Each structure stands twice: as C-alpha cells, then as structure tokens.
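If you read the sequences in order, they're chains A and B. For the first sequence, the positions run 1 to 49 when this note's numbering is used. For the second sequence, the positions run 1 to 447 when this note's numbering is used.
Check each hint, because a few of them may be wrong.
[What the hints assert, rightly or not] On the chain B side, residues computed to face chain A include the following (Cβ under 7 Å):
(1) 12
(2) 15
(3) 18
(4) 21
(5) 23
(6) 26
(7) 63
(8) 66
(9) 67
(10) 70
Source of the hints: derived by calculation from the structure; they are not laboratory data. Keep in mind it's a predicted model, so treat the numbers as computed, not measured. Glycine included, C-beta positions come from ideal geometry on N, C-alpha and C.
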Amino acid sequence: MDLALLLLQAGGDGGATAVGLFRFFAGFLLVITFFCSFLGFTYWISKDE
Amino acid sequence: MPIGNLDVPIIGKNAVIGILVQTHILFAAFIIGAVLIAATSEYLGMVTKQNNYERFARNLARFVVLLFASGAALAITFVLALVTLFPVFFSILQNIFFWVFLVEAFMFLGQIIIVYAWYNVWDKLAYRKSLHVVFGFIAGFFGLMAMTMIDAVASFMLTPAEVTSQADLVARSFLNQTMVPLNMHRFVGNFSYAGFLIAGWAGWRYLRTTREDDREYYDWMGHFGLLWGFGFLIMQPVIGYGYLKGIRESSPDSFNTIMLGDKSWVFNLLVIWIAVLSIASTAYFVHKLRFAVKPSETLRKLAVGALGFTALFTVLNIIPANADLVPQIGLVLGQGEDTTIPLGSMYPWKYIGLIGLMLVGFFIVALYLKASANGFHWGRASRWSQIALMSCAFFVVLTMVTMGYTRETARRVDNNPGYLIHDCVTLDQKLVSKHCPTEPLTEGVGE
Chain A
1 MDLALLLLQA GGDGGATAVG LFRFFAGFLL VITFFCSFLG FTYWISKDE
Chain B
1 MPIGNLDVPI IGKNAVIGIL VQTHILFAAF IIGAVLIAAT SEYLGMVTKQ NNYERFARNL
61 ARFVVLLFAS GAALAITFVL ALVTLFPVFF SILQNIFFWV FLVEAFMFLG QIIIVYAWYN
121 VWDKLAYRKS LHVVFGFIAG FFGLMAMTMI DAVASFMLTP AEVTSQADLV ARSFLNQTMV
181 PLNMHRFVGN FSYAGFLIAG WAGWRYLRTT REDDREYYDW MGHFGLLWGF GFLIMQPVIG
241 YGYLKGIRES SPDSFNTIML GDKSWVFNLL VIWIAVLSIA STAYFVHKLR FAVKPSETLR
301 KLAVGALGFT ALFTVLNIIP ANADLVPQIG LVLGQGEDTT IPLGSMYPWK YIGLIGLMLV
361 GFFIVALYLK ASANGFHWGR ASRWSQIALM SCAFFVVLTM VTMGYTRETA RRVDNNPGYL
421 IHDCVTLDQK LVSKHCPTEP LTEGVGE
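Chain B extracted, bound-state conformation:
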C-alpha cells in the first residue's frame, strides 16, 4: 500500500515539526524544572518555617498543573504531525525504539497522575508534610525519566553508531555516544531555564504590585529564581563541552557545521544570549548585596570585580573566528573565511572565556550565598534590577530556541543530503546505509 507524501503549504513540513517541538519543549522543560524547584521549595519551607517557600511552592504547583494541558496537547499534535508527514521515518524510529517510547508514555502518565495528586492533597497532607514533599519529588522523577527516554531518541538521530551485530544494538542505539551528555545537559538546563523564567515573572510582578507584602514576596521570588537560573547555568559550559565532544567524535561533519562551518553563527548567537544572561545575573547580584542585612563592603567590591571579569569573559566568547559571519544572508566582511579575527579562535580564547565565565560564576554565587545566609531587606530592589530579571527570562527563551535549532540543523550539514537520522535516513525519508540500526532493540534477545 503506497504511503502518501504530504506537505504543508507555505510553511513546509520540516518547519511544522520544528515549531511544534520547540513550543512543546519550552513547556515541557519548564514543567520538569518547575516541579522539582517547587518540591525543593516546599521542603525548604518545611525545614525553615519561612512562609515564602510554602507560598511559592503552592502557587508554582498550581500553575504547573494548569500548564500541563498546553504541553501535553502540543506533544500529541507533534506526534500526529510526525506520523502524517514523516511516516517512513516514524516507522523506523518506532521499530528501533518501541519499548523506549512505551516507557516514556507511562512515565508521562505517572507524572500527570502524581503532579495532580500532589497539588490536590496539599491541605489533606498538611500535617504529613514529609510525605507530601515526596509526592513532588516523585512527580519530578517521572518527568526526568520521560525526558531520558526521549533524549535517547533525539541523541540517536544525531549520533547513531553503525550496528554490525545484535549485541551492538542496545549499546549503540539507546546508549549512543551523546545520550548521557545530552541528558545531563537537559537535566541541568531544566532547572536553569525554569529558574530564569520564575525570576523574570517575579520581576514583572514586583514592578506591577502595589502592596508592600507582595513587593517583599516578589523581590524574594526573583532572588530565589535567579539562584536556580544562574546557579545551574554556570555548570553548563563543562557539560556542553562534553556533549560537543561526543558530537565531534561520532558525527564530525555535524560538529564542523555548527562550530566551524556555515552554521557557526547559531553558536555565536547562543553565546550572545549567554553573555546577556551572565551579565544581567551578576549585575543583579551586585545590586542585591546593597540590601544585605549585614552589609559587607569587601563582599560588594569583590562582586563588582566579578562583574567586570564576567563582561570580559563573555566578550571573549562572542568574538567570531573569521569574517564569514552569516553567509546564508550574505553577511560576510573582508575576505570572509580568510579574514581571521584576533581573539576569535577556539583555542585558547574561547576556552579561556568559557572556563573563566564558570569560575567567576561560582565565585559570585558563593559571595551571594554568603550574604544570603544573613538575609536581605526585601522589597527595596530598584526598577532596573527587576528589568535585569525580566531580560533573563526573555533571553533564556531565545537560548532554548537557538539550542534546539542548532542540534537539529547540525544533521543537515551541507544539505546534500540533509538527514533525519544522521548518515542513515535522509530528509526525504530514504534509508541510505545498510549498517544503519533499524531493528527493534529487543530483536535477538536470548540468542
């Protein structure tokens, strides 16, 4: 029976999948991160008896419960679009990863049930708080497991290894070379992304509210969100390096495309967003130290120094390697690739920039946490510090979208042909290598 080759007018079927998945992931990543942040906050509220933690956890849990519908609806629409627009590719994926998809579906179901139960029994379990906190963490765990399953599929699409025997199949399909680094990257990224969005939301509410107690609460919430956002962001250079190393070893042409070739501008965009996130966060911390209950001029001076170093290191990361900036739209200066830009090379400058950014980040977070131990005077933050938080929320969304585009466009290489599964299945759904893993993971078990 022939399979039709449907397309979508104007926008094209590739873009349809991209739009649905990108939007879905903006919700899914937030939900996974937010559930774990809310559960941690509830636990902190239980231990410290500070009301802000409990209020924040409960409000966030309610928002996540309501937001679940959008995230889930987009996931279903995406699967429907994939089955309809890429039926051959979807069949191949299902064939290899049937059990993985099935486990993912049940993890998703578990997450929904536990998140709803967690929110619904908030009052009933008010006197069994430890048990209630466990509900939140279990919901987060289910979310992480669902993410792990889909990461196996997503990483496999970029770095599938050649399978020559059944014994290779699980190791080279599920545990392909970039599966673990991608999973770590997303695990940390969920917290960072959700944290920045929470901080941005708090900044917005802080500027809008007129009640003093609400101002204090939203000021605290911005601080709490940013600690998650920036605290986890500074772990990403090392994890991201591990991920890119995996791509370079398994799919070198993809690595070259996104790091050195025609699409290296997406990585330059990415570091611009990260530069804004880092500078805005560090500037916020410097500002906040003015309102420490026990002010320390030394701490503040060190923080100002850290802000200067953050700016310096981010500039090092931004400088492009050559004048071939965005060849796709003709943005080429001088002699293009032949015009090298001083301080733009990966080694040593980008490494210095990334490692420096991490070290300064840990330093400023440590300074800030030291000041936090004695508390801050809440509700006195300036307007621009809240705008810095809102900028972080905006730029973290751009970071997510840019990173998603980068990973998927890496498989196009020179578009001759572009791949759905790298070196295996082309964009027009043709299988091009006989060694491509297309058998179910369980095939040959027990032989």
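Same shape as in the complex, but just chain A:
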C-alpha cells in the first residue's frame, strides 16, 4: 500500500496527485471525526449533573 502511494506521488508534477487528494479528504474526515467524538464525549461526561 505504502509503495503504491509513493509511486503515485513520485509520478506527479507538483500538482494534485491521487495520493494528495486522498490525504486531503482523509485529513478532513479525521479532523471532523476527532472533533465530533471529543465534543460528544465531553457532553456525555457532563450531562448527568
């Protein structure tokens, strides 16, 4: 998997590559996932008071 991604990146010309797009969307998804999970967890531990 890693090798395939590296090969894809090496073939790029500095513009967007498949691996770049993958990282863009994966990064965005992870930011939103972490944010919502931590926020949800904080609400969950605070709501019983």
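Please build the complex by placing chain B on the supplied structure of chain A, with the hints as guidance.
Coordinates of chain B only, in the frame set by chain A:
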C-alpha cells in the same frame, strides 16, 4: 549526530500535523471564545438579574473545564509530532521564538489555573459576584495572550521579513507584517465561532427537549449565541481585508496562489460557507422578529429587505473570476483561465459584495437589537429556525477548517518548493536563504 527523517505511513507527515493542529484549533478557539462569552454572560446576569444569563454562564464554564483536556492533549500531541517529524524546522522555530513559546506555555498554565478556579468557586463567591466575574475575564485574557504568542509564530511562517541586522530581529520576527491583522482576525473569530456553535447546540436542544421551561431557555440561548456569532462575523471582512493586504505586500506569490491562482477555489469555498452563515442568520432574525413582545411591522419589513440584500451580496461574493474552477481535480469549464465570468472579478464586484454584506449585517443586527430591547416571547420558535442555527454551527466548523487550510497551503505556492517558513525553510527542512531570521530574538540585546 544525524537526525532521522521519519514519515508516517499512508497519511504522510504533513497531513498528520495538519490534522492535529486543525482539531486542536477547533477546541482552542472555542475555549477562548466561550470563556469570554460565559464571563460576559455572568456579568450580564449580575447586572440584569435575569436567570438565563447565570444558568448559561455556569453550564458553559463547566463544559469548557471538561473540554480543556481534549484541547490540551491535542496541543501536546501536536508538539510531539512536530519535534519528531520536523526536528530541524522545530529547532529553527525554537531558536527564534524561545521566549515567545515560553511565555505562551505560562499563559496556557495561567488559563488552566484560573478557569478551574473560576468554575470551582462559583458558589463560594456567590456574594462577591464582581470578583467572580473578574476571574472569568482573567481566564479569557490568559487565553488571548497564549493565542497572541502562537499567532506571532504562525504569521511569521507566512510572512517572515528579511533580517539584515540584530535591530531588525524583534520587529521583523515577532511583529512581522501579518502578526497584528492575524491576531485581530482570530480575536474576533473566536467570539463568532463560539457563538455559532452555542447557537447550533441550543437549536439542537430546543428541538429535543420536552419541558416548556427548557424550550424557553434554549430558544433564548440560540438567540444569544447567534448575536455573538453573526455580530462578530460581520466585522471579519474589514479585518480579513487587512490581513490579506499584509500577505499581498509581504508574500505576493502566496497571495496570488490563494486569491488568483490554482488554490483560489479554497477562497470560493470560504465565501460559500460565509454565504450560508449570513443567509441563515438573517433568516433567523427575520423569523424571530415575529415573536417580539412589541411587534413592529416596519421593522419586520426592513428585515425582510435586508435578507434580500444579504442574498444578493453573498451571490456576488461566490461568483468565480474565471472558469478554471478547481484545476487540481480537472474541474475546468470552457477555456479555463481565459474564460472570464461576468460579475466575478475582485474589483469592483467582490468589494461591493463584501462591503454590502457588512453594511446589511450591521443594519439587521441593529434592527434585531432594537426589538430585543423589549424582549421576545421565548419558546415559540419554529423548527426550521432551529435548523438554521444548527446549519450555522456546521458551516462555521467548515469555515474554520477551510481558513486554516488556506493559510497553510498559501506557503506551497507552486510546490517548487513548498515552504514551512516562506522563502526560508522548505518542506524538506532545508534553509534556502542566508537572510532568513534564524537567530534567537534576544541575541545581541544590549549591543
């Protein structure tokens, strides 16, 4: 001793830093904004004797205390990742900004101590309310100071000035050209972001709750949050303009990349999010005016007119300058850059759009505040008005993430090479200019 060049499988080390920092900032900005909003609310409760303010301030303070752990843990993880994945770059930054980082750490410590104390002595200081309110504002102040320190570093990375003498060092490193506008942009943005999130949360709770008193409270909370959110949002075009002007003067190629070049689509995305925020907020205000204790048909008609103008101005902001929409994924219409789109140019249309949006925003907020002076009938808001609030919360998160990406990607320019510190340190941590400031800020003091 050689320094290893570690990478992270699949996601890559650049994205790891981006993910950690973006998530951290979503918490940090909320905490700074929320502490100041809660302290202000507590003060308003003390002055007006209205229970909603006090209830809201206390609940928000408790939530912030609990949320602190997530924000702080992400900050530490981010620093750990930076030291490990970008050791040379981190050393250079530490060398220049050692004292700034140290002050930031102590401001952070001060914020934690005071926020915890503020929440913990809420009952003990019930009869010394003024003193207690001061605790909240001091906590907010520490948060703002911590933000100021890190803004010096973040702005420096995009607009470092050439340093030719020791006398230049502080002025051109700490007070680099975009430090003050970035700090102002984030100061105002904290309130707006936290306000929209609070409003969205209130909308969600309003729709879920079955108790009448809770419905009234959450209806009020949505109104209060949105006033902060939209009230501060409409200041951003002027401050954002100042920030972009600083970038254009200090790093013109970065400015061109995000405003005119291959990455201008991120700015188009940004104005789409702001369009949704503006229209949803204005529509909420129009709806709410129906429930004013002293209804005024004239006010409502003016507000409906303002909604129309908001829609018009946001459309002006959204229209792209040419058909080269998102070249990275091949979204290019017609002849690409050569196909100009009517009403899409920056001058005069975008300026008209941004200034118009601000003026109409101030107008509608003024109308709404005038109606608020006599109060509203709480608990009667419609379902869609609460969905508008929830949309604001969703789109303000997208706005934050998009803006963060925009600032950082501006340093890549054409990726030949991309920079960590613009024109100074490349993405693979090579120092490329002998005039780059790499000396400690205190070096040469007293000479």
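Evaluated hints:
no. : hint : in the structure
1   : 12   : holds (6 Å)
2   : 15   : holds (4 Å)
3   : 18   : holds (6 Å)
4   : 21   : violated (9 Å)
5   : 23   : holds (4 Å)
6   : 26   : holds (5 Å)
7   : 63   : holds (6 Å)
8   : 66   : holds (5 Å)
9   : 67   : holds (5 Å)
10  : 70   : holds (4 Å)
The structure fails hint 4 only (numbered hints given earlier).
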